[in-house]
Every structure is written in structure tokens, then in C-alpha cells.
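Colleague: So the chains spell out like this:
2 protein chains.
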Amino acid sequence: MEEVNPNHLPFELTKEFIEDIRLLIENQANEEILLKLDELFPADITSILIELTTEEAKYLVLLIDTKIAAEIISTLDADDRKKFLKHFTSKEIAAYINVIDSDDAVDILNEQPVKVREEVIALLKDREQARFIIDLMHYDEDCAGGLMQKELIKINISQTVTECVEEIRKQAEDVEKVYSVYVIDDDGKLLGTVSLKKIILAKRGSKIADVYEDDEIVSVQTYASGEEVADLMQKYDLEAIPVVNIQGRLLGRITIDDVVDFITESAQEDIQVMAGISEDVEEDDSVWLLVRSRLPWLIGGMVGSFLAAKIIDRFDDTISVLPAISAFIPLIGSTGGNVGIQSSSLIVQSLADKSGLDTTLWKRLQKVLLVALINALIAAIFAFGCSLLVDSGQIMLSMTVSISLFAVVMLASLMGTITPLVLNQLKINPAVASGPFITTTNDILGYGVYFMIVYLLL
Amino acid sequence: MEEVNPNHLPFELTKEFIEDIRLLIENQANEEILLKLDELFPADITSILIELTTEEAKYLVLLIDTKIAAEIISTLDADDRKKFLKHFTSKEIAAYINVIDSDDAVDILNEQPVKVREEVIALLKDREQARFIIDLMHYDEDCAGGLMQKELIKINISQTVTECVEEIRKQAEDVEKVYSVYVIDDDGKLLGTVSLKKIILAKRGSKIADVYEDDEIVSVQTYASGEEVADLMQKYDLEAIPVVNIQGRLLGRITIDDVVDFITESAQEDIQVMAGISEDVEEDDSVWLLVRSRLPWLIGGMVGSFLAAKIIDRFDDTISVLPAISAFIPLIGSTGGNVGIQSSSLIVQSLADKSGLDTTLWKRLQKVLLVALINALIAAIFAFGCSLLVDSGQIMLSMTVSISLFAVVMLASLMGTITPLVLNQLKINPAVASGPFITTTNDILGYGVYFMIVYLLL
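In the order they appear, the protein sequences are chains A and B. Residues 1 to 458 (the UniProt record's numbering) are what the first sequence spells out, left to right. Residues 1 to 458 (the UniProt record's numbering) are what the second sequence spells out, left to right.
Don't read these hints as lab results, they were simulated from the structure. Check the hints yourself; a few may be wrong.
Chain copies aren't distinguished; within one or between two, either way the pair holds.
[Claimed, not checked] With a straight-line Cα cutoff of 25 Å, these simulated DSS-like cross-link-like pairs (lysine-lysine) come out:
1. Lys367 x Lys15
2. Lys170 x Lys203
3. Lys67 x Lys198
4. Lys36 x Lys67
5. Lys170 x Lys198
6. Lys235 x Lys82
7. Lys15 x Lys363
8. Lys125 x Lys86
9. Lys83 x Lys367
10. Lys235 x Lys36
11. Lys363 x Lys83
12. Lys189 x Lys207
13. Lys177 x Lys198
14. Lys82 x Lys367
15. Lys58 x Lys83
16. Lys235 x Lys67
17. Lys207 x Lys177
18. Lys82 x Lys67
19. Lys235 x Lys177
20. Lys82 x Lys58
21. Lys177 x Lys154
22. Lys203 x Lys177
All chains should be built: construct the whole structure from the sequences, respecting the hints.
Modeller: In C-alpha cells:
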């Protein structure tokens, strides 16, 4: 019955597979379930779990090998996991925490109520793991200390390659992924690394001091931000980066898989911020959460629009006489919004990309204003032509629209450039400036400019 | 004079460093330059190059070791590199292409004019590299075939660990990063892998057949998309993934550093699309490119607004009598836009996240409509209150605004949900639906609805 996968192609979850599994669980056909799951990776079983009821999922998790079950739990989405683990005792949770990497262990424990957390740590059989976890809990989740794991292989510089191989053998089960061995001195200070390739090629008796590399290594301090870690690993094409304290002592390492997750989550967060969604939600979250995440900017935008309404209302009399003025309100509003987002997104992108020297604010503004000037001129000419077509022959009105639009494009470019820079200084995610915040602000500014010019010219 | 970096902290580029280097280049103080660059990684030297003039940069590149120079060139930004390599002869380029990974070599060659490309390939000393490159040039840049490199270590299943170590030694220079050795049969079919850790721990005489893992491996076909590759490597926490043809023959491998670059670029592309920027630009691109990348959506949005103006113009008479109607045009427009982007960005996100089974369109719409209904009700009530405040006591007008807003939120949610799904079906990046496209469409729809309700009620 075992399925053969000769091409090693990835597993694809089907409805039939889920139905089979549910039926097998219902019949408690344990052996058949295990056979069916045998060829799968933990991450594949995770995607199956999500499709089951909580009871079915728990049945499955308790049935399979603890080590694999623990890995499955650590690949679950944080929200799903929090809900799921409510159905487990502290002792059951401890059994899983006992066998997974320390960084994942801390993530899981941080999602639990304090009581469960304390109980689980007390119940851990592997006391080294308990120490690792208590160590890591001090760090903020999104800094290097919070991303690192304690599992790594280190060797004293005075030792030999043979001893190093022995150390790898001893730790083989605890340290799943080994890319290189870290070389330290008697004080635990990081001196360099030896890649596994080098260990394989070195003579067994050689001294580590003779084979290790002391220049080809980059490390980070515990307080480095997640972004800094991601930038470094990406810049230097690293699969793991050691984390040291201020004295240079080796404390842990961050592996690329965690950084890839971090990069993906940050990008998703930026996109949500740009879209005016104020909480980290996904399509399959509850209706209530989805409503709540959208309301702040829905209402925020409306408040802005009512302020705009207040401005427009003051020109009642002018609009009564020349109602065509109101036809160009959308043009002013949406152009201001579009230009603002175009400008701010470029600044946000270049704030994120830290290669090269910083440009000065003044140099930046010069260029932005030049680009804005050209775009504003083109937009103004285009608007003059189009508005003549819409309201055939009202030259003064077309002039007003055209001049206003020129001013709006310039102003919106400036706002779109300055806002993310200010937010960044205030340590607020500058992507906020590419969302409804900038469109709302630019709307109000734009209408103000438009009606001022209407007032002056008409 | 050599700088010591005891903590192995990352290099930070300063103005002073650049000035020093420029002075040294001017004085042709070659030895001092080499000493100054000695401790740096290629990626650090790349960030220095960007700050120099083309002549200075070329002087530096020709001065340093070919292997390092080649790595520097391969970490340059595509645009910068294209401009830079124009100043090199085909022979000089060939010397660099000769020593870098085949995937990077192909990327660089694809940026060159056909003539240079052909010359460089003909001039390559390493004929295996030439074969690799010609092989890889067949594939589209963004699919697995285009992302893979030919450099990898493979071993026949009938061989021993000792022979495997010999193979690693032979290839040590060509294959920079080795994570595991690929096990193949006599036809070159991929059977499994052996991790370096396992090779270190295995007895030297053991047969590969006894130590390799045949189940813990995932591969992709050459035609898999970059997104699929990224998803798989992220899901299974892989640092390299083998690429096979349809018969399962091992053709190459994709390493995580290339996938991290791919992920970052895709995220950046999505953000640019959302911001209405139509080309891949950065802040330091030329003014002309910056102008050009913004114009399509600047003009596109304006065309939409002029269509809206045409609609509003038809209600001239009504607006003359009750100019307050026009004060709520911004409310209708910006709420429609905001809701549209909120809805579409969630769908885009869940289209990108392929874990779990697909939901049906109908299930999706049910939920979206429920969320929209609640938000629309809240927005309508809020708008009723606020519009009463703005235009004190005009209950009929407030009713009109409130009902219109309800309709606009519902309609915009629906549009925001359906548009990315349709674009996705048409193989267009669904993120387009989270940009000016959706705001413009929703604007026009919204004004249509608003003035229809004005017409019916007032």
C-alpha cells in the first residue's frame, strides 16, 4: 500500500486524501494512518491538520512519533497553534517542547498563558533545553536574540579535527542542521568557523587552529534588529549567522529558514499597512477580526472626507453658480492620492535598502521635486485639454483645474517624500505613509488648494 | 595598518573610507589599496564600487584577484552591472564569467548584447562552464530552470563514502557551497541525498546505498515557477533544492540565497504594483525613468477622473439647487477606494499563500459579503451622523449619503474580491488589483451609484 514517489515531487493535498484520513481516524485505523503519513514531511502533515476538526487533529498528533509531532506543531501558524494547544495538558506540551529547537520552543511558549509556560518549563526532561529556553525568553521576538537558537556545534581552537568530528557525532541529534562548526577560545569568544566541507577534506589529526577560517565570518549582536539580520544574511549569502554578546562571546545562531519567514512576514505586514488593514489578518480569520482590522482606516478615511466636505461646503455659493467646479473634485482627490503613494513607496523602498551611503535630505528633495515638476507639467497640460473637452470651452475653469492639478502633484510629491522620512525618524513603520494616511491627507490638502484657486481665479 | 575585526562585526561603509580609497586610486597606491580591501567580503567591495566613478571602479576591479572581482561583479545590481561592463572587453568579461557559478554567469550574459554574449562564451577557458551556460540559457529567468546552477556534487549509488569524499575534494573549488551530495543511478536519475553531516559520521568504507536518504527529499521540475520553488523551500526549510527533468534526471540545484533574492524582489514588485509604479525603479534611477514609471497610472487615474467628471456634469442642475451634494463626492470616492484595496489585498495575500485546500469562490464571497455588510452598516450609520453635522439638519441629504455609502462599501468589497481572482485566472499579477486600478474603477462606480441615489431620492 505504501505510495512510491520516484520523482520526489512535492506532496499535493487533495480533498480525497483528507476524506480518507478522516475516515481512518473515525475507524481508529491507527496502522493504516501511520502508513499513509509515512512518506510525508512534517510540513505536509501540518497542512492536513488544518483541514481536520480539533478532535481529529489531536488524535493524529498523539498517534504519531513525538519528534515528528513536535515538528508539526512548530510549523503550525501561531494563531492556529494557540487554539490547538489549549486542548493539550502542560505535560503533553512539555514532551513536544523537549525535542524541538530552542527558538521554536520559545515561540510556542510565548503564545501560552504564563501558568502553562511555567509548568511546561518545570516539566521539561531535557534540563539543558530548559536552560536554553529561559535564556532566550529575555529577548524581544524580532531582534537577533529572539530569532536565534541555542543549538549549534562549537569547538575550542586548541582541539583537533578528530575531536570536532566526535563533537558533531555527540550533538548530531540535537543540532539538526549543521553548516559549519564555530571555533571559540577558552572564554567562549567566537574566533571563526570551519565549514563541514573543510572538515571532510581535512586530515583527521589536524589542529582546528590550522584549518579554521578567521576572516570569512560575520556575526551580529543580540540586539540587532530582524531587518539588520536579514540584510546581512542576504548581502553575504549566509545560511546561518552567529550571535554574540558585547564581549564577542558566542551565544547562538540564526538559520536562514527563520530569516526567510521573517522576510516574508515583514513584506506581508508592509502590504497590509499599505492596504489600510490595521491588524495582522488572513482571509481565513474570523469575520469579527476581519471587520475590526478594517474599521480604523475605513472610519479614519471617512473623517478625512468629512473635513473635506466642510471645506467644500464653504463654497456653496460658487458651486451654485458654476456647478461644473464640483465635477473636478474627484480629479483633484484621486490624483493627489495616487501621486502621494507613488512618491512615498519609493522612499519606503530606499529606506529598506541600506546598501550604499545615505543621501542627504536636500539631494533627495531636489530629485523628487524635479521628477514631480515634469509629471506635474504633463498632468496639467493633459488636464487642461481634457477639462476643455468635458466642459466644452470654459477656458477659465480649465485654467483653474490645470493650475490646481499642477499644485496638487507638487504638494503630494513633497508630502509623499517627507512623511515616510519623518515616520522613520519616529521609529514608526514608514510603510504607513504609503497607505490611506497619505491619500486622506493629500485629499484634504488638494481640495483646499483647488478651492483657493477657484476663489482667486473665478 | 591592517584593521583587526575581533568581533567579526559587519563592515560599515563611511564617507572617509571612500575618500581614502579614491585618493589611493588617484595615487595608484596598489599595495595599500589591496591591504585596505583585504579583510572585506566581495559584497562590501561592491558597496564601495557604487560610490566610485566608472574609471575608479574599473581600476579597482582590474587590480584585485580575478575570483574576487568576479564575485563582486555578480553581486552588482543588474542595471549598474550592465552599464559597468560596457567598459570591459569580451575577453575581460570572459575571465570573470569563467570562475563564477553558472546561474550568475547566465544572468550576467543575458544582460549583454548578443554579440558580446557569443564572444564571451567562445572565449571561456573552462569548457564545462561554457556547456553549463549554454544549457541554462534555454530557461526562462523566473522559473526553476532559470534559477538553478549546474554546480553540485553528485555520486552514483554504487559508490562508497570514500569515493564520495574524493569527489568533494575534486569539486571543492567549483562548488562553493555544499550542503549535501546528490545520489543518482546509472541513468543520472535522482535517487536521494546524503548530508555532509552524515558523510562525516559515516565509516569511510560504507556504501552510499547504505547511508543515503531516499525519502527526505523534494525536487522540482525545470518549468516550476519561482514562486513554487520559494514556497517549497520555505515550507520544508530547505537550503538547496534539486532540479530534475521529466524523467527525474538531476539537472541542477537552486540554493536558498537565490531564492531569498527572488522573494525580496517579488515583494518589492508587488509593492510597486500596489503603488501604481509601472516599472522596476529605485530612488537612485534617472529622473527620466522615474517620471516614465509614474506616468501611466498618473494619466490612467486622470482618465478615470474625467469619466467621473462626465457623470457628475450630468447633474449640473441638481447641484445648482443643492450644492451640498458635491461636498460628499470625496467621501464616496475615497471610501470606495479604501474598501476596494482592503478587500483585494487580503485576496492577493491568500492567493500567494498556497497552504491548505482551495476554498470555493462561493464560500469566499459569502464571508467577504458578511464582513462587507457589517462594515457597510457601521460606515452608513457613521456617515448619517457626520453628514447631519456637516450640513446641519438636512435629513434627506444625510439619508442619501448614508444609503449611497452603504452601497459603495458593498460594491467595492465585491469588486476588490473578484478583480484579483479574475486577474489571477488571466495569469496577471493579482497585486495590480490592489493599486490605482481598483481605486479608479471604484471611484467611477461609486459616483454612478451616488448620483443615481441622489436622482431617486432628491
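Colleague: Next, verify each hint and record whether it holds.
Modeller: To see whether the hints hold, each was checked on the structure:
When the C-alpha separation of lysine 367 and lysine 15 is checked against a cutoff of 25 Å, the pair qualifies only between copies, where the shortest distance is 21 Å, while the shortest distance within a copy is 55 Å. In this assembly of identical chains, the alpha carbons of lysine 170 and lysine 203 lie at most 25 Å apart whether taken from the same copy (20 Å) or from different copies (16 Å). In this homomeric assembly, lysine 67 and lysine 198 come within 25 Å of each other (Cα to Cα) only across copies, at 19 Å, whereas the closest approach inside a single copy is 31 Å. Taking the shortest alpha-carbon separations for lysine 36 and lysine 67, only the intra-copy value of 18 Å comes in at or below 25 Å, while the best inter-copy value is 50 Å.
Taking CA atoms no more than 25 Å apart as the test, lysine 170 paired with lysine 198 passes in both settings, with 19 Å inside one copy and 13 Å between copies. For the identical chains of this complex, lysine 235 and lysine 82 are inter-copy neighbours only, at 20 Å across copies versus 35 Å inside a copy, given an alpha-carbon limit of 25 Å. In this homomeric assembly, lysine 15 and lysine 363 come within 25 Å of each other (Cα to Cα) only across copies, at 16 Å, whereas the closest approach inside a single copy is 58 Å. Taking the shortest Cα distances, lysine 125 and lysine 86 sit within 25 Å of each other inside one copy (21 Å), while across copies they are farther apart (63 Å).
Proximity of lysine 83 to lysine 367 under the C-alpha cut-off of 25 Å is restricted to the inter-copy arrangement: shortest distance 21 Å between copies versus 51 Å within a copy. Proximity of lysine 235 and lysine 36 under a CA criterion of 25 Å is satisfied inter-copy only: 20 Å between copies versus 42 Å inside one chain copy. Only between protomers do lysine 363 and lysine 83 lie at most 25 Å apart by alpha-carbon distance; the minimum there is 23 Å, versus 51 Å within a single protomer. For the identical chains of this complex, lysine 189 and lysine 207 are intra-copy neighbours only, at 18 Å inside a copy versus 39 Å across copies, given an alpha-carbon limit of 25 Å.
Taking identical chains as interchangeable, the C-alpha atoms of lysine 177 and lysine 198 lie at most 25 Å apart whether they share a chain (16 Å) or sit on different chains (11 Å). For the identical chains of this complex, lysine 82 and lysine 367 are inter-copy neighbours only, at 23 Å across copies versus 49 Å inside a copy, given an alpha-carbon limit of 25 Å. For a Cα distance limit of 25 Å, the shortest separation of lysine 58 from lysine 83 inside one copy, 12 Å, qualifies, whereas the shortest one across copies, 59 Å, does not. Only between protomers do lysine 235 and lysine 67 lie at most 25 Å apart by alpha-carbon distance; the minimum there is 18 Å, versus 34 Å within a single protomer.
When the C-alpha separation of lysine 207 and lysine 177 is checked against a cutoff of 25 Å, the pair qualifies both within a copy, at 24 Å, and between copies, at 23 Å. In this homomeric assembly, lysine 82 and lysine 67 come within 25 Å of each other (Cα to Cα) only inside a single copy, at 19 Å, whereas the closest approach across copies is 50 Å. Taking the shortest Cα distances, lysine 235 and lysine 177 sit within 25 Å of each other both inside one copy (21 Å) and across copies (16 Å). In this homomeric assembly, lysine 82 and lysine 58 come within 25 Å of each other (Cα to Cα) only inside a single copy, at 13 Å, whereas the closest approach across copies is 56 Å.
For the identical chains of this complex, lysine 177 and lysine 154 are neighbours both inside a copy (13 Å) and across copies (20 Å), given an alpha-carbon limit of 25 Å. With identical chains, the CA atoms of lysine 203 and lysine 177 are at most 25 Å apart both within one copy (23 Å) and between copies (20 Å).
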